[in-house]
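Number of protein chains: 2
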Amino acid sequence: MSQPRLANRANRMRASEIRELLKLLARPDIISFAGGIPDESLFPANAAKEGYVKALDSETQGKSLQYSLSDGHAPLRQWIVEYMASLGVTCELENVMITSGSQQALDFIAKLYLSPNDTALVTWPTYLGALQAFNAYEPRFDRLDPMGNRSSAEIAKDAEDAGGSVKFAYLSADFGNPTGQTYSREMRERLIEMADELDIPIIEDGAYQALRYDGTAIPPILAIEQEQRGGDIEACRTIYCGSFSKTLAPGLRIGWVCGSRQILDRLVIIKQAGDLHTSTINQMVIDHIARTVFDEQVEKIGSVYSARRDKLLAELKKNMPDGVSWTEPEGGMFVWVTLPKGLDGAALLEKSLETEKVAFVPGQAFFADGSGANTIRLSFSCAGDEMIEEGMARLGRLIANAI
Amino acid sequence: MSQPRLANRANRMRASEIRELLKLLARPDIISFAGGIPDESLFPANAAKEGYVKALDSETQGKSLQYSLSDGHAPLRQWIVEYMASLGVTCELENVMITSGSQQALDFIAKLYLSPNDTALVTWPTYLGALQAFNAYEPRFDRLDPMGNRSSAEIAKDAEDAGGSVKFAYLSADFGNPTGQTYSREMRERLIEMADELDIPIIEDGAYQALRYDGTAIPPILAIEQEQRGGDIEACRTIYCGSFSKTLAPGLRIGWVCGSRQILDRLVIIKQAGDLHTSTINQMVIDHIARTVFDEQVEKIGSVYSARRDKLLAELKKNMPDGVSWTEPEGGMFVWVTLPKGLDGAALLEKSLETEKVAFVPGQAFFADGSGANTIRLSFSCAGDEMIEEGMARLGRLIANAI
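Keeping their order, the protein sequence lines are chains S and R. Each residue of the first sequence is one higher than the one before, starting from 4 at the first, in this note's numbering. Each residue of the second sequence is one higher than the one before, starting from 4 at the first, in this note's numbering.
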């Protein structure tokens, strides 16, 4: 039996080493800051149970177990319309589509725009799952750096020389994976300008947006753009991708896309061809959970995660040798550590698994150009005080010995 | 704001007119045989409720609401391994991946194989959702007709002349949508031969496989091929796509793919990039439902649907004028009606919505080449006796007047 001939794109797609790493790190002798997942002890399990029981009462069980429309469960979309309004985005039901997690939104948006050799602009580093989703459509990646020196004309020229054109700019503006960094209002405004110059959509990944623990909230790029366009969402080029995975629970796989009707209508067609629709009952249950405990839940995880972040930052300060620096995120789940030049995160991890038994994610995988060898990602969402103390003492020793 | 530049594929994808039709047909004055959905009064709602409550007990709620692995929930995959064994397919856990409905499997398989201008072989007619999923990858369609006159060499030559190559053959071998037709063992064997000649995978859509009401079961193509390959699934080119949407409930969006590890490993990477994984809790609940009521449920829907099929066939016989013929399916949800040449299903429906107020799906949309104007699809899964009597009387009159 010969090997079936695959599409080119299939050869671009690789299993995430990080996920392989996470499997490895289930070892009980290892203190792990690798996994970027929510703390499952904080999930709103009672509200979820209530929601499922309600969805399965005799009145609604037929509908909740049946096929449903590709754009999503209307009451949940209505809740999202109101939630987006609270962020400064004014929209209608038709501007919102439900996806199976925001990962699916990234896949579908790439499917809508990218042809082989087109350019996707992403930050250096960026969310690894976005690189994986986009890679299926064989793009080239270029660096998204709105405050940088390269003009839009130069970026467009490079894309053309590479045999395609710039198709979109993707970023997570608030506490994104992996850096935890927030982009300033000035940077968001410059990005919109740049998108206008290039005539491309902005893909705003809002997966961590609700997880702000301090500092002043900056409106989503979509909200800033809508204000600039006289309040008209139909004139906006930003596509906002939201998720309930960090605020409520990832196991139901519910996210959403919000943008102009012109774009949403296309995405609904892609959704229909892709998986018909997201689980009907899970949409009904997320609607129930959101309506009953969303604010309370965001406050609860915020108070736990912010204390863990504070502890991690304090222990980093106490234990890291000179020459190591890190981000101080105002939210999210991650701290991004930059090691002295010449140190290699992957080599450090390998050594750590033998000696100090502390785990983290080497940063290089998050760079589309393979740079960033001297960076690592630490996740604090599942880390208790003692674990952080012991883990950072070990990590400090490990790095000090490696310098 | 100018129109963003879309990938070529986006312009190939169109909203299904059928789904638009279904929205229209929610009108209470219309007797509809259009919707191809299961009867929601037959869903195993109690087992589902039990499953959700169990998944959310204090022991398991963390896991059921958390992220999980891309290949799927191992106990459910184990159930599927045993189920596949009951169909004559011997496989291991690693040969099974969970998908968000079998529609997603079709999208992912097309993503794995199809480049623009490649050829996908499909039956004339075929499942419309497959055409929609495949269209995203810009293939050319050619007719799959293993018992026909064209040699594999001719088919390969035509594909090459069109600028690509034949990448797979897709079909639903048992009671498929839209015809309800079953392919004989001889035809399945010839198809395997043909796939060997062309060196392509066979995509076997088993969505309706369990819905056999009479006649003798024919093993899945994958089972026949495995037997031919000395029992070695790793040597098989058939990829079987299964679904719980027709047997248990579609609202949870759980399907699966079964095939060689070589192919499955690739699909797991595509799944990870596409939506990370299918809803954790829904996989656990489908596992619970399958283990507690699968056989009972298949028997229950079989007895209801087969009576409806019998009634529909009897009323067709009573009411249809000469020159009209139809399939007599041994299972599934559909009867496929061929009208006298010159009649047009779409025009007939338009007339019907004005006069007789009976609805059905014009068959043309199921043909990749736009032929089949004189065909219509009738679904009996949600049709009661009186509805069938009245509906077929009206349809008979409508057709008689149109001839």
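Accuracy of the hints is not assured; some may be wrong.
Because identical chains share one entry, a pair is satisfied inside a single copy or across any pair of copies.
[As the list claims (entries may be wrong)] EDC-like, lysine to aspartate or glutamate: derived pairs with alpha carbons at most 20 angstroms apart:
| no. | residue 1 | residue 2 |
| --- | --- | --- |
| 1 | K321 | D164 |
| 2 | K66 | E53 |
| 3 | K320 | E359 |
| 4 | K52 | E62 |
| 5 | K160 | D202 |
| 6 | K320 | D372 |
| 7 | K66 | E43 |
| 8 | K360 | D148 |
| 9 | K344 | D325 |
| 10 | K66 | D42 |
| 11 | K57 | E43 |
| 12 | K344 | E95 |
Worth flagging that the hints you see were computed from the coordinates, not collected in a lab.
Hints, one by one, checked against the model:
In this homomeric assembly, K321 and D164 never come within 20 angstroms of each other (Cα to Cα): the closest approach is 49 angstroms inside a single copy and 69 angstroms across copies. In this assembly of identical chains, the alpha carbons of K66 and E53 lie at most 20 angstroms apart whether taken from the same copy (17 angstroms) or from different copies (18 angstroms). In this assembly of identical chains, the alpha carbons of K320 and E359 lie at most 20 angstroms apart only when taken from the same copy (19 angstroms versus 79 angstroms across copies). Taking the closest pair of Cα atoms, K52 and E62 come within 20 angstroms of each other both inside a single copy (17 angstroms) and across two copies (14 angstroms).
In the homo-oligomer, the alpha carbons of K160 and D202 lie at most 20 angstroms apart inside one protomer (14 angstroms), although the nearest pairing across protomers, at 42 angstroms, exceeds that limit. Taking the shortest alpha-carbon separations for K320 and D372, neither the intra-copy value of 30 angstroms nor the inter-copy value of 68 angstroms comes in at or below 20 angstroms. With identical chains, the CA atoms of K66 and E43 are at most 20 angstroms apart between copies only, with a shortest distance of 7 angstroms across copies and 29 angstroms within one. In the homo-oligomer, the alpha carbons of K360 and D148 never lie at most 20 angstroms apart, since the shortest distance is 36 angstroms inside one protomer and 60 angstroms across protomers.
Taking the closest pair of Cα atoms, K344 and D325 come within 20 angstroms of each other only inside a single copy of the chain (12 angstroms); across copies the shortest separation is 85 angstroms, beyond that limit. Proximity of K66 and D42 under a CA criterion of 20 angstroms is satisfied inter-copy only: 11 angstroms between copies versus 32 angstroms inside one chain copy. Proximity of K57 to E43 under the C-alpha cut-off of 20 angstroms is restricted to the inter-copy arrangement: shortest distance 17 angstroms between copies versus 23 angstroms within a copy. Proximity of K344 and E95 under a CA criterion of 20 angstroms is satisfied in neither setting, with 49 angstroms inside one chain copy and 47 angstroms between copies.
The structure is inconsistent with the numbered hints 1, 6, 8 and 12, although it conforms to all the rest.
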